[in-house]
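Protein chains in written order, with this note's numbering: chain A, 426 to 761; chain B, 13 to 270; chain C, 73 to 359.
No wet-lab data here; the hints were simulated from the structure. Quick reminder that beta carbons are idealized off the backbone N, C-alpha and C, glycines included. Treat the hints with caution; some may be incorrect.
[Claimed, not checked] A short, non-exhaustive set of chain A residues, derived as facing chain B with CB atoms under 10 Å:
#1 Asp577
#2 Tyr603
#3 Ser623
#4 Arg628
#5 Tyr629
#6 Ile631
#7 Ala640
#8 Ala641
#9 Val643
#10 Gly644
#11 Pro646
#12 Thr647
#13 Ile653
#14 Ala656
#15 Phe673
#16 Gly699
[As the list claims (entries may be wrong)] Label pairs and their computed distance ranges (CB to CB):
#17 Lys44/B - Ala739/A: 51 to 59 Å
#18 Pro255/C - Ile456/A: 45 to 53 Å
#19 Asp76/C - Ile535/A: 39 to 47 Å
#20 Leu731/A - Ser205/C: 46 to 54 Å
#21 Arg147/B - Leu724/A: 44 to 52 Å
#22 Ala739/A - Tyr188/C: 52 to 60 Å
#23 Gly81/B - Asp682/A: 57 to 65 Å
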Amino acid sequence: MAMTGVNVHGSYIYANPRHGLRAAGFAVLVIALAAAPLVAGDYQLHALIVSMTFLLPALGLNLILGYAGMLSFAQMAFFGIGAYSSALTAMRWGTPFWLNLVVGGLAAGIVAVPLGIPALRLRRYSFVMCTLGFAVIAQTIAKNWISVTRGDLGLSQVPRPRIALWNGGFEITSITSYYYLALVLSVLAVLAFLTLVSSAAGRYMIAIREDETLAASVGTPTWHYRMIAFALSAVFAGVGGSFYVHYFTVISPTVFDPFYANTVLVIVLGGGVGTVGGVVLGSFLFVAVSEALRIAPDLRMIAYGLLLIVIVFACPEGLLPLFIRKIRFGGGTHVP
Amino acid sequence: MSPDPLAALSIRGIEKRFGSIVAVAGVSVDIKLGEICGLTGPNGSGKSTLFDCCTGLQKPSTGRVYAQGLDITGWDMHRIVREARVIRSFQKAVVFRALSVEENLVLCGQMIAFQGMASTFGVGPASRHRVRRLREQAGHLLELVGLSHMRHATAGQISFGQQKLLQFASMLMPEPQVILLDEPMAGVNPILIDRMMENINRANQEQGITFVVVEHNLDAMKALCHRLLVLSRGELIADGTPDAVVRDPAVVEAYLAG
Amino acid sequence: MLTDAVVNGITAGSVYALVAVGMTIIFGVLRAINFAHGEFYMLGTFGAWWGIETLDLPYIVSIPLALIIVAAIALAVGVLVMKRLIDQPFQIGIVATLGVSLVLQNVIILIFGGAYKMFDGGWIEPVEILGISLSEQRILIVVAALVIFGLLELMVHRTRFGKTIRAVSQNIEACKVVGVNVPVVVIGTFVLGCTLAALSGVLTAPVTVSLYGGMGTSITVKTFAIIVMGGVGNVSGTLFAAWILGLMESFVASYLGLQFRDAVAFTALIVVLTLLPGGLFSKRERF
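Work out the full structure: start from the sequences and follow the hints.
Below is the structure:
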């Protein structure tokens, strides 16, 4: 499929189909990341793991904003729902890790449907605010449903992932094994995302983003596909939340704080909305780098804030096109 | 008056009010299968609103619309396209600007190639085969409308006239029975107008597609249409051959007064 | 308990009303939601606190000081950011003002630290009116809200600036054609709206006592709820919606528990959006 992107301005970037080049770039990146533990220390690996946990909700936001054209602030609500449901399942029934991931994703996706029914009737600001409301309400529930969530204390001692194998399997404990787990999960998520957006359904979502009425006039059941995009974006976030909780082994209502939601927004807009490469770039650039440099949260947020302002006015396609241009001019990998 | 089950569109007493304003004041008309029917009238005479009511963009206040006897009143737009095979164009929103010319056509053909919602998520060999077929069909249509050389161009970056040709080609992708065109020639240069008329005639003769065309360009309408309808203040004031209609004193008066 | 709940509700509602009316007039001229609006409320509070703590000023002097500081910051933001939002799609406004909010909030945290501060000022002596005991500051807040809403109504309908604001709200294109300097109107409205938010912060500080850098976020969020409930661009609707929200929050806090208070605004918002897309007090759907 042709790689298509839209930025928040409504102006468009478009690249001709270059499957080969993109697949090659993806492979090189994966190999480089797979080799990273050879050179990176534990803290750098930790930074990369954190950035990969943000990649999943960011892919979800990219689906709903970059492909279906709706700005949603509910991503971290679904991330939190995925995290809590996965942690509670694991703590109560000792379920295997892969099942927890499924539970986290499904729980978020299922909750998204009844929320989507009123929300998707709304347009523009009303939709944005309604999704912001979901995050506020999710946090209130997490703080106050003490018998289940333990309120502000949050859940701790969430089991670490167990990988079942023929010899009984093993528990993921070392930072390197967590890193590979995160990498596998990220690669699978990116592949799932690419598959989705290059399907006929993905084309319908782009049509809705471009012009909802025109999309309906060529036979797109717009409401259904908006709902599907909303629910699938929640599934991505929920799986991300599930991995997050089994990595940090703790979860508290602070996960619903605007800090995290803003980070996801910066990843998607800063990297390049409507592109997959942009979101991957955004996660590494804005999370891994700031985590690795141990930049204080307040400084990081000031940088994010300035970045958002600069991006919307100066480079609405995000930083990905700039990077691609750099590579072309510098490395001579230009393909006509 | 009962609907004509053989008519491409049977419009029965369609009325559309916005508060106290009456946009369409009870129009009844049959569009025969295989016809190219013009619809014209002064600005604000209710042409677009009538279109909207026939294609599900707006719900009529009263009255019913039938497509070959099938009551489609109040259906959603996508259902009318899919099930009644009645498709329409818009004046302003012409193409999906971020998609390539070819992808525009593939998108419009999807509703036939991918029937159930589940099938649209498929990426296996069957889906790839379907998309390949759609691309072949698209290539054929692009050749017909003379846009083959722009196959991979971004639709938003080709000229407006070319976008209108692309729009026309996309509407043929799902093999419709009826096409409603909202001002296909507005803002298009004379050479492309000729090409557009040629394409309409060809689709009508070779595929038997029924056309309803809203257009202000009376010369083009006279050359193109078998039949001309005139709306004024939401009412149908003339219905006949183009030559007869343009000489009708009621029509002349409506245009002068409007 | 009932009287307390009503008094608290009306006071909180008046505070919200002053913040929300600024947002609603900004939305009117710019068609953009100001995600940084709560930050100006926070800046007002911090301005006055700084005047009292660092410059040793009395509360009454720190009020105008805070307003001047905030107006200057708002002017800078207006010139640098808000002016560019004219004629931009709505997501641009959200993202840009969210950026402004992150910068303002975290610069304050960087300068003054993230810990809670105590606000030591204002008139908190209780007085007895009609058998109800309440602090002077609460009376001041309610009176100030009423006076300012009265002045705003007058301004919008009588003054030249007010008429220009209304004209730009209704048809920005026509205003450009007839030579209205739209950027000046936008910046002027933005400064006015932000200063009102700051005034609300300064007046509330003696009642809420504590202040911290992140306090603006929940105010922004509640303001959204109010302007939607009140009908966007509707000045008196904003006041009533703010009072209703204040009362609802106060009752929920008194009878269900304080922890549920912050979810009231959004529950109300979602219900209103679902049932009455035009808001409680407006038939015009402008969102």
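> CB of Arg147/B to CB of Leu724/A, is that within 44 to 52 Å?
Replying inline: 51 Å Cβ-Cβ, so the 44 to 52 Å window holds.
>> Please check whether Pro646/A passes as an interface residue: C-beta within 10 Å of a C-beta belonging to chain B.
In response: Hint holds; Pro646/A Cβ to chain B Cβ min 5 Å, cut 10 Å.
> Measuring from the C-beta of Ile653/A to each C-beta in chain B, is the shortest one below 10 Å?
Replying inline: Hint holds; Ile653/A Cβ to chain B Cβ min 8 Å, cut 10 Å.
> Quick one: are Ala739/A and Tyr188/C within 52 to 60 Å, going by C-beta?
Replying inline: violated, 37 Å
> Given a hinted range of 45 to 53 Å, is it respected by the beta-carbon distance of Pro255/C and Ile456/A?
Replying inline: At 52 Å between Cβs, range holds.
> Close enough to count: is the Cβ of Asp577/A nearer than 10 Å to one in chain B?
Replying inline: The hint is violated - Asp577/A has no Cβ within 10 Å of chain B, the shortest such distance being about 41 Å.
>> Using the nearest Cβ pair, does Gly699/A come within less than 10 Å of chain B?
In response: holds, 8 Å
>> Hint validation: Ala656/A versus chain B, beta carbon distance must be below 10 Å. Holds or violated?
In response: Hint violated; Ala656/A Cβ to chain B Cβ min 13 Å, cut 10 Å.
>> Holds or violated: the hint that Tyr603/A contacts chain B, with Cβ atoms closer than 10 Å.
In response: violated, 30 Å
> Is the hint on Thr647/A kept, meaning its closest Cβ partner in chain B is under 10 Å away?
Replying inline: Hint on Thr647/A: holds, closest Cβ of chain B at ~7 Å, below 10 Å.
> With 10 Å as the cut and Cβ atoms as the points, is Tyr629/A at the interface with chain B?
Replying inline: Since chain B brings a Cβ to about 7 Å from Tyr629/A, closer than 10 Å, the hint holds.
> Is it true that Asp76/C and Ile535/A lie within 39 to 47 Å of each other by Cβ?
Replying inline: holds, 42 Å
Checked against the numbered hints above, the structure breaks hints 1, 2, 14, 15 and 22 and satisfies the rest.
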